[in-house]
Amino acid sequence: EPEVTQTPSHQVTQMGQEVILRCVPISNHLYFYWYRQILGQKVEFLVSFYNNEISEKSEIFDDQFSVERPDGSNFTLKIRSTKLEDSAMYFCASKKRDPPLSGNTIYFGEGSWLTVV
Amino acid sequence: RKEVEQDPGPFNVPEGATVAFNCTYSNSASQSFFWYRQDCRKEPKLLMSVYSSGNEDGRFTAQLNRASQYISLLIRDSKLSDSATYLCVVRNTDKLIFGTGTRLQVFP
Chain A
1 EPEVTQTPSH QVTQMGQEVI LRCVPISNHL YFYWYRQILG QKVEFLVSFY NNEISEKSEI
61 FDDQFSVERP DGSNFTLKIR STKLEDSAMY FCASKKRDPP LSGNTIYFGE GSWLTVV
Chain B
1 RKEVEQDPGP FNVPEGATVA FNCTYSNSAS QSFFWYRQDC RKEPKLLMSV YSSGNEDGRF
61 TAQLNRASQY ISLLIRDSKL SDSATYLCVV RNTDKLIFGT GTRLQVFP
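Residue numbers (the numbering used here), protein chains in the order written: chain A, 1 to 117; chain B, 1 to 108.
Derived by calculation from the structure, the hints in this document are not laboratory data.
All residues carry an ideal CB built from backbone N, CA and C; glycine is no exception.
One should not assume that every hint holds.
Straight-line distance between alpha carbons at most 30 Å, and here's what the computed DSBU-like set of lysine-lysine pairs gives [as the list claims (entries may be wrong)]:
| id | chain 1 | residue 1 | chain 2 | residue 2 |
| --- | --- | --- | --- | --- |
| 1 | B | 2 | A | 57 |
| 2 | A | 42 | B | 2 |
| 3 | B | 2 | B | 42 |
| 4 | A | 78 | B | 95 |
| 5 | B | 45 | A | 57 |
| 6 | A | 42 | A | 96 |
| 7 | B | 42 | A | 96 |
| 8 | A | 83 | B | 95 |
| 9 | A | 83 | B | 42 |
| 10 | A | 42 | B | 95 |
| 11 | B | 42 | A | 78 |
| 12 | B | 95 | A | 96 |
| 13 | A | 96 | A | 57 |
| 14 | B | 42 | B | 79 |
| 15 | A | 96 | B | 45 |
| 16 | A | 57 | A | 78 |
| 17 | B | 42 | B | 95 |
| 18 | A | 42 | B | 42 |
| 19 | B | 2 | A | 83 |
| 20 | A | 78 | A | 96 |
| 21 | B | 2 | A | 78 |
| 22 | B | 2 | B | 95 |
| 23 | B | 45 | B | 79 |
| 24 | A | 83 | A | 42 |
| 25 | B | 45 | B | 95 |
| 26 | A | 57 | B | 95 |
| 27 | A | 42 | A | 78 |
| 28 | A | 78 | B | 45 |
| 29 | A | 57 | A | 42 |
| 30 | A | 42 | B | 45 |
| 31 | B | 2 | B | 45 |
| 32 | A | 57 | B | 42 |
| 33 | A | 83 | B | 45 |
| 34 | A | 42 | B | 79 |
| 35 | A | 83 | A | 57 |
So the derived label-pair ranges between C-beta atoms look like this [unchecked claim]:
| id | chain 1 | residue 1 | chain 2 | residue 2 | range |
| --- | --- | --- | --- | --- | --- |
| 36 | B | 79 | A | 115 | 27 to 35 Å |
| 37 | A | 85 | B | 54 | 39 to 47 Å |
| 38 | A | 24 | B | 70 | 32 to 40 Å |
| 39 | B | 51 | A | 81 | 43 to 51 Å |
| 40 | A | 70 | B | 7 | 39 to 47 Å |
The task is simple: from the sequences and hints, build the whole structure.
In structure tokens:
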């Protein structure tokens, strides 16, 4: 079964450093997402990306965050200057189509665990 | 009011038991509804979509009541492997809104 892959699986970084989390969505998918989950809390939406631009973002996704699809396969999340409260599991996700068309299931990657110290 | 509200549990049940989880959501314009399963420190995995007519997948039955903004999940004949956190999820525009999850522990 095709899957969303993420790297790194775990990263420790110092406060103030830049971090790039990488994702390879499923190959024929067109919609891409980042979610995060702080330990012990719920999964939260960060941003959605379609047709090479951000389609929606949450209040969490401030100027410190950016996303990019630098080539045909990768989808990255950059945090410019990390804070302690950015420590979380970051999930990349993708889907093929919008409802009501079939193929609109969102598939999640295994996550990148970011620890800011 | 939280967008998606669930009882955090934990629900501790013996193998073979039937267990039910409930969830309420606040946005009446929510478009789609799901139950996801999440194992410890893993990604959420889609368990099933939820429809107004109710739907069943093996031992799992989901119901949606749009008027009450209420979603349920029933698990029959619980297995040890059902132990996980069950996430109630709604879709608004193009984003998924997650509940905090209900923890299920099935014991022998």
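Given pair status - residue 42(B), residue 83(A), alpha carbons within 30 Å: With Cα atoms ~23 Å apart, residue 83(A) and residue 42(B) stay inside 30 Å; holds.
Distance restraint between residue 83(A) and residue 45(B), which requires alpha-carbon spacing of 30 Å or less: 29 Å, holds
30 Å limit on alpha-carbon distance, applied to hinted pair residue 83(A) and residue 57(A): Answer holds: residue 83(A) to residue 57(A) is near 19 Å, not above 30 Å.
Restraint status (C-alpha distance of residue 42(B) to residue 79(B) at most 30 Å): 19 Å, holds
Given hint residue 57(A) paired with residue 96(A) - CA-CA distance at most 30 Å: 19 Å, holds
Given pair status - residue 42(A), residue 83(A), alpha carbons within 30 Å: Cα-Cα ~19 Å, so holds.
Range hint compliance [Cβ, residue 24(A) to residue 70(B), 32 to 40 Å]: Holds: the Cβ-Cβ distance is about 38 Å, inside 32 to 40 Å.
Agreement of residue 57(A) and residue 78(A) with the hint, judged by alpha carbon distance not exceeding 30 Å: Distance ~14 Å between residue 57(A) and residue 78(A) Cα, so the pair holds.
Given pair status - residue 2(B), residue 42(A), alpha carbons within 30 Å: Holds: residue 42(A) and residue 2(B) sit about 12 Å apart, inside 30 Å.
Given hint residue 95(B) paired with residue 45(B) - CA-CA distance at most 30 Å: 16 Å, holds
Pairwise hint evaluation, residue 42(B) against residue 42(A), where the allowed Cα distance is 30 Å at most: 13 Å, holds
Given hint residue 45(B) paired with residue 78(A) - CA-CA distance at most 30 Å: Status holds; Cα separation ~25 Å.
The earlier numbered hints are all upheld by this structure, with none contradicted.
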